[in-house]
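K.L.:
Be aware that the sequence shown starts at 1, since it is given in the working numbering, and climbs by one per residue.
Worth double-checking, as some hints may not be accurate.
[Said to hold, decoys possible] Taking CB as the label site, the calculated pair distances span:
#	residue 1	residue 2	range
1	Lys42	Gln13	15 to 25 angstroms
2	Tyr63	Val41	23 to 33 angstroms
3	Glu54	Tyr84	38 to 48 angstroms
4	Glu54	Met26	24 to 34 angstroms
5	Lys87	Pro52	27 to 37 angstroms
6	Asn4	Thr50	15 to 25 angstroms
7	Met26	Leu49	22 to 32 angstroms
Derived from the structure by calculation, the hints contain no laboratory data.
Quick caveat, the model's predicted, so the values are computed rather than measured.
From the three backbone atoms N, C-alpha and C, an ideal C-beta is built for every residue, glycine too.
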Amino acid sequence: MNDNELYHYAQLQCYLAMMQMSLAAMSLGIDSCMIGGFEKVKVDDFLNLTYPFETAVILSLGYKAHEPKYSTQRLNFNEVVEFYKEK
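Generate coordinates for the entire structure from the input sequences, incorporating the hints supplied.
P.N.:
Below is the structure:
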């Protein structure tokens, strides 16, 4: 693998780990926000990261300062998923 392919593979692995961290945080009442679009060079500079280390993804964690002014609207499972049986 070249460096770009290796970075892409590592980034995908980080997303999988980040998903588990986000779910674990949610189970503890902690909110999270996965961030994939950021200015990588600026973040790496801020964190003083040098080769071979570099930022792949960012996960912010925290508690709500207050409840949102709007309610979360989700579709019912049966409105989204439809099962088909083979005859």
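K.L.:
Each of the hints needs a verdict: does it hold here or not?
P.N.:
So, going through the hints one by one against the coordinates:
| no. | hint | result |
| --- | --- | --- |
| 1 | Lys42 to Gln13: 15 to 25 angstroms | holds, 23 angstroms |
| 2 | Tyr63 to Val41: 23 to 33 angstroms | holds, 31 angstroms |
| 3 | Glu54 to Tyr84: 38 to 48 angstroms | holds, 45 angstroms |
| 4 | Glu54 to Met26: 24 to 34 angstroms | holds, 28 angstroms |
| 5 | Lys87 to Pro52: 27 to 37 angstroms | violated, 56 angstroms |
| 6 | Asn4 to Thr50: 15 to 25 angstroms | holds, 18 angstroms |
| 7 | Met26 to Leu49: 22 to 32 angstroms | holds, 28 angstroms |
Going down the numbered hints, you'll see the structure goes against just number 5.
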